[in-house]
Amino acid sequence: MDLYPLYNSARIALISSVLVFFLGICLAYYVAKLPALIRGALDVLFTVPLVLPPTVVGYLLLRFIGPHRFIGAFFFENFDIRLTMTWWSTVFATTVVAFPLMYRTTRGAFQSFDRNIEDSARTLGLSDSFIFWRIRLPCCRAGITAGLVLAFARAMGEYGATSMISGYTPGVTATISTTVYNLWRTGSDDLALRWVLLNLGISAVVLLCLNVFESRGRKS
Amino acid sequence: MSLEISIRKKLSSFELEVEFSIGDAEALALLGASGSGKSMLLKCIAGVERPDAGRIVLDGRVLFDSDRKICLTPRERRTGLLFQNYALFPNMTVYQNIFHSIRRERYSTLQIKQKADNAVSMMHLDAVRDSPVTAISGGEMQRTALARILVNDAELLMLDEPLSALDEHLKFSLEMELRDVIGNFGGNVLLVTHDRDQAYRFGSKIALVNRGKIEKIDSPANVFANPETVDGARITGVKNIAPASVENGRIRIPGWGLDLACDRLPAGCRSVDIKYAGIRMNDLKPAAVVPEFEDGAVFNFKIADVLSNVFSYTVKLYSSTAGAEALPLYWQVSKQIWEPCGTDNVDLYLRRDAVMPLKQEERSQ
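Chains as they are written, first to last, in our numbering: chain Z, 44 to 263; chain W, 10 to 374.
Chain W on its own, in the form it takes in the complex (with noise of 0.2 Å):
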């Protein structure tokens, strides 16, 4: 149970080119913004768009290589692709779209009939059973959409934004059910999605990806530590980003008045090549709830903005001792911790390892 991919394609604006391999059972998040090519990556796993050139290897199946000329048809795949938009047959009731996707070469009529029968009463679709799928909720396309799968034997499972189709209270709930669904699934999972919480819950592994490109694929919690590029920094969330330097074993971002010592640096990347530096709204605390500061350093800001979410606040600083060439920095802290009273300036206490070393040039937009 493995897949290897090293694949590339030339797409409208630029060319997606992907290499990894998963091992045993892994399942894999494919975190990145919106038209970055993941969902075509899907695509030509399942064999419903074809790559320019390359080799896909599923369980020690060969379903593409370019070189040896085999292009395996969709059917002959036998992966599992959950569609954004779920795709479910619109003409038919959910059993007759479940019934229609068990693969007829392999079992008796009765043995069709029990399977869909089976898949209906595991997803909790009793209740829709035969309703057009036109007329059921997000929750039940998704589940019809999943059964449909499940009962078609497939080897991969893949999902494309499984969940980005549903209203926000329903994502919670389903998202736990896919959880289960993916538990019990037994072989290789690729989930490709936009929502980094997401991705981080989700698998094993996580690939960054970014125009095409894998930047970075490793566990959760390495890949958002670290994500070493500024795309891969803004793909996981970092919000504040900023122009810095690497120099004699440490980092100067001047916009942000910061200076601190920097031991470590993406791998084989060197101090020249240190162009940019990140740090997440929610690793900045009051130096007053810190109890030591020896892996790190306090600094003073001046507050430009106070923003109230539900929970916490998100303020705006600008360093004390940056001068004129001052950028802002977001700290997110939650409401539990610190309260604004009335004060114009608060001392944070930072990490040394929440310094981000990022390195490539800002593309121009």
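The shape of chain Z in the complex, shown without the other chains (with noise of 0.2 Å):
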């Protein structure tokens, strides 16, 4: 069995983690600062991804990276890099099906925080940044890593806009979840189910992984 769907799918998923940790701490913090419509209209665009069939993500991403639209024929004229179709490209689909995981549950995080805390903070003289992350992160470690840990699933078993952005090279773009359906596809069933069997153990572990933060959180 060539694991290299596995090693594919680890890599995406970490990378796009990675990418969504950052982008939804930074987001969640300044968005919840923001004016009420404002904050209402962007949490509508970020969430969206959410509820959006994966292959309408496709679509839309393909609209702005395919190699003959704006940005993804930028790229080509001048560095000479198909956005689309490389193992690469996978990680614009799966960041932005993963980001409103990350986004929604760290605000979440961040609005049970106690604004008292961060009040008592400032007028004893502590500098923002040190609220920020000594205080205010440690104290939503819980819910964010709850979060991260869902936005890395979901990263792991992205098919519909992977499909269409990457679709299915075997050793270049497959990933778990594409492999699967090209192996039942093309009969070949008992490869298939192990592969099966093997998302099913992933699964299992992550949501083993969310029961014990999401303890942890109600602990503290």
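These are calculated hints, taken from the structure and not from any lab test.
Since no wrong hints were added, every one of them can be taken at face value.
Below, a sample of chain Z positions facing chain W; criterion: calculated Cβ distance under 10 Å:
1. 157
2. 160
3. 161
4. 162
5. 163
6. 164
7. 165
8. 166
9. 168
10. 169
11. 170
12. 173
13. 178
14. 182
15. 184
Straight-line C-alpha distance at most 25 Å; calculated PhoX-like pairs for lysine-lysine:
16. W:19 with Z:76
17. Z:76 with W:78
18. W:180 with W:214
19. W:344 with W:325
20. W:284 with W:222
21. W:311 with W:248
22. W:284 with W:368
23. W:325 with W:248
24. W:18 with Z:76
Just so it is clear, CB atoms sit at the ideal spot from N, CA and C, and this is done for glycine as well.
Can you join these two chains into the complex? Each is in its own frame, and there are hints to help.
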């Protein structure tokens, strides 16, 4: 059994988790400070990939980074880089799809953070960066970690947008989900089952992690 | 060491509009019902909330001035605010909470460590020094929060309902501890509370706060002797309030069948402004134990109900003379002075100055 799809899925999920981690935290923090109207609009924009069918996300992404579309064409003409059909193209798809999970959970954690704690820190003369990194983030750790685990799991299992952006090239863009589909399509049922079982195992571990973090969050 | 405040801020259901000044190291208790804007006032002084307009001056330092567009950050104000829930940093130990509250720019690392160590032992926190603040008792949390403010070199100490989060049996001993801290503080102290006894014991002045306004600011004795308004009377714990009128130097309270000479009215108040009268439950005395009746009069009441408390009785009375419009009058009396002895009536002596003439229409709820 060629383990390339596992390796590829894992690195894609890891990269998009890192991106989503910083993006999610920054945007959750700054959006919460905006006036209600703008905040509402951005909330919708940042959450919409969660409810859209992944193929719609894939289509919209292709409208921007497809080789003949304006971002895609720009990179192709100036740097001779194709933004689609490579293993890392999948990162675009998984990041967009996983981002709302990180953003929503982090915002929830930030909202339940007691404002008095931040206010008392300010009256005591502590700097904004100290308050953010040393007080707010550690206090919201459980929620943020849960968001990250969810985002990682979502990135790991992404299929629809991935297949549109990167297709299925064995040993290049194959991920676990696209591999399962192609093995089933070509009648390699035994191999498909193995990948399915592997995927079930990964999902179980992820959910287990989530439970651990959530119960820890309740304790503190 | 003085504090001058005059601010306005629109809140959701009323406007906070407060003006007062207190002198050298004076302690002021702000007494009012919850939701009257007291906590917001402290937050405005600390700088975590911004008033719409006004001026705040602490020891000659302008903290806020809307005309001159001055608004210092909470960091620059150097005011210490003890939050109702203490707002400790939950991810840190007691020691770390205190350590990080020392202003970096003022001391060397060695001095900071010494200062934190001193604060830990001064506030009797040695036993929980390295415990996370989520695992210590309410009293220890309060001491940690106080220690943070003291090591921070705050120039004004503000306490927001400091004892309300504590169990009843802890309140007394912690209030005594708090008294020591306040006594040694040396600067102005503001206490926000809804507990009238705490306010009475606490400071040299009391301000009655009602719906964002200060109704009266005076010495505790004066504030409690004459709260002047219906709301003020309620805040200071007057349970008996009834419609009344003042005419020709006499106050008439038909619901209680009372008619007494009335020689004092709230400052700047005419007889026609008086619409209500208040009597404290404890200000009625059995006529039998009063040696002379010079400063008041004796009235006869029907006993409608007797509630037995631990050390006292609360007696529900109706005037014998009021007739159909009679309103209940509650009387609290120590069990050492009076026992219900089966009679339906009681003669009670009422001092003239125990009847408080009150202005302001009662607001419809």
